[in-house]
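So the protein lines, in turn, are chains A and B.
Counting from 81, one number per residue, gives the positions in the first sequence under our numbering.
Counting from -9, one number per residue, gives the positions in the second sequence under our numbering.
Rather than coming from a laboratory, the hints here were simulated on the basis of the structure.
Every residue, glycine too, gets a C-beta built ideally from N, C-alpha and C.
It is possible that some hints are incorrect.
Unchecked claim - In silico DMTMM-like cross-links for lysine to aspartate or glutamate, where the CA-CA straight-line distance does not exceed 20 Å:
hint, chain 1, residue 1, chain 2, residue 2
1, B, K111, A, E196
2, A, K119, A, E161
3, B, K43, A, E196
4, A, K211, A, E141
5, A, K184, B, E96
6, B, K111, A, E132
7, A, K184, B, D54
Stated by the list, open to error - Partner residues aside, some chain B positions facing chain A, computed with beta carbon under 7 Å:
hint, residue
8, L9
9, S10
10, A13
11, G31
12, F32
13, H84
14, E96
15, V97
16, Q100
17, V102
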Amino acid sequence: MKISRGKRRIPIVPINSMSDIAFLLLIFIMLISLINYRKEIKISYPEAEFHEVTQADKNLEIWIDNGGMFYYDGLPIDLAEAEAVIADAIADDPKIRVHILADKNTSYKYVNDLVEILKLLQHRVVSFIVKDGK
Amino acid sequence: MKIQRRKIKKIDIADSGALSDLAFLLIIFFIVIAVFNVNSGFILGIPRKNSTKIINTMDIMKFDLLDSGQIELDGEILPIDKLSGTINTNLEFHPNMTILLRVQREVSYQKVVSFVEVIRKLEVENFSFVLSDKDEL
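Please work from the sequences and hints to get the whole structure.
What follows is the structure in structure tokens.
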């Protein structure tokens, strides 16, 4: 008796599921980008043709607007609060990089207030952020 | 005689592969946005509070950044376009030159950044900046 063999199916890569995977990846990346989301304050960045990347593993950003108001994490803070924020951040990680993002038209005295805090807290490095002209 | 009609194929959007292309383009867009958030500028060292360093008077250049935005070197106004050349000339004779910048309170931040840029371009190792107390007196 002849045994009938089952027909061999040609393996097919399901292309339809590709879009599902792509969308899952998309959602994942969107979530990651939301975690890294920086609450921008509306400032005019100072400009410099020559500059270097100052980003470190851990970063703390303090913003200063045109009127000399300090911001952290999108919220306005006074100088005492700024000191507390920086002190806490340094206590958590002494290697944290403090970035000052100040408006190009703001008076230097406001920037100096932050530098003085860093001196007081014996933090040795500060980063002055400029407009990235790449 | 019955005329046979051709069967109209239904177009499945998911089958076409265009959807996955679109999704990948969106992914690339978000990756670019995520990578874009990198700070760049100048890293500056901060000295200890009230720390002092003895420097030979010949090895120091004292600049004042005035509220008006002008730069003063030893009491004389120095045009901004001559700043780089002046520092460079002095560096040739005094390689250990220390640049001291005294910034007045109302100077715009851009002016300070521009000065730091010149210092960084010229690779000056000893650079110190302080808030000037001239206008406080």
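For each hint, the structure was consulted:
1. Straight-line distance between C-alpha atoms of B:K111 and A:E196 comes to about 26 Å, which puts the hinted pair past the 20 Å bound.
2. As the CA atoms of A:K119 and A:E161 are separated by approximately 18 Å, the hinted pair is consistent with the 20 Å bound.
3. For the given pair, B:K43 sits about 18 Å from A:E196 by alpha-carbon distance, which is consistent with the 20 Å threshold.
4. Simply put, A:K211 and A:E141 have alpha-carbon atoms about 15 Å apart, close enough for the 20 Å limit, and the pair holds.
5. With a C-alpha separation of about 12 Å, the suggested pair A:K184 and B:E96 falls inside the 20 Å cut-off, and the hint holds.
6. In summary, the hint linking B:K111 to A:E132 is supported, as the alpha carbons are separated by about 11 Å, within the 20 Å threshold.
7. With a CA separation close to 19 Å, the supplied pair A:K184 and B:D54 stays within the 20 Å bound.
8. About 4 Å separates the beta-carbon of B:L9 from the nearest beta-carbon of chain A, less than 7 Å, and the hint is met.
9. A cut of 7 Å between beta carbons decides the hint on B:S10: the least distance to chain A is about 4 Å, and the hint holds.
10. Nearest Cβ of chain A to the Cβ of B:A13: about 3 Å, under the 7 Å cut. The hint holds.
11. With 7 Å as the threshold, the beta carbon of B:G31 comes within range of chain A, its nearest partner Cβ sitting at about 4 Å, so the hint holds.
12. Annotation: interface hint on B:F32 holds; nearest CB of chain A at approximately 5 Å, less than 7 Å.
13. Taking 7 Å as the C-beta cut-off, the interface hint given for B:H84 is violated, the closest approach to chain A being about 23 Å.
14. At about 5 Å, the closest approach between the beta carbon of B:E96 and any beta carbon in chain A falls short of 7 Å, and the interface hint on this residue holds.
15. The beta carbon of B:V97 is positioned within 7 Å of a beta carbon in chain A (closest approach about 5 Å), and the interface hint is therefore held.
16. The closest approach between the C-beta of B:Q100 and any C-beta of chain A is roughly 4 Å, which is under the 7 Å cut-off, so the hint is satisfied.
17. At about 5 Å, the closest approach between the beta carbon of B:V102 and any beta carbon in chain A falls short of 7 Å, and the interface hint on this residue holds.
Hint compliance for this structure: hints 1, 13 are not met, and every other hint is.
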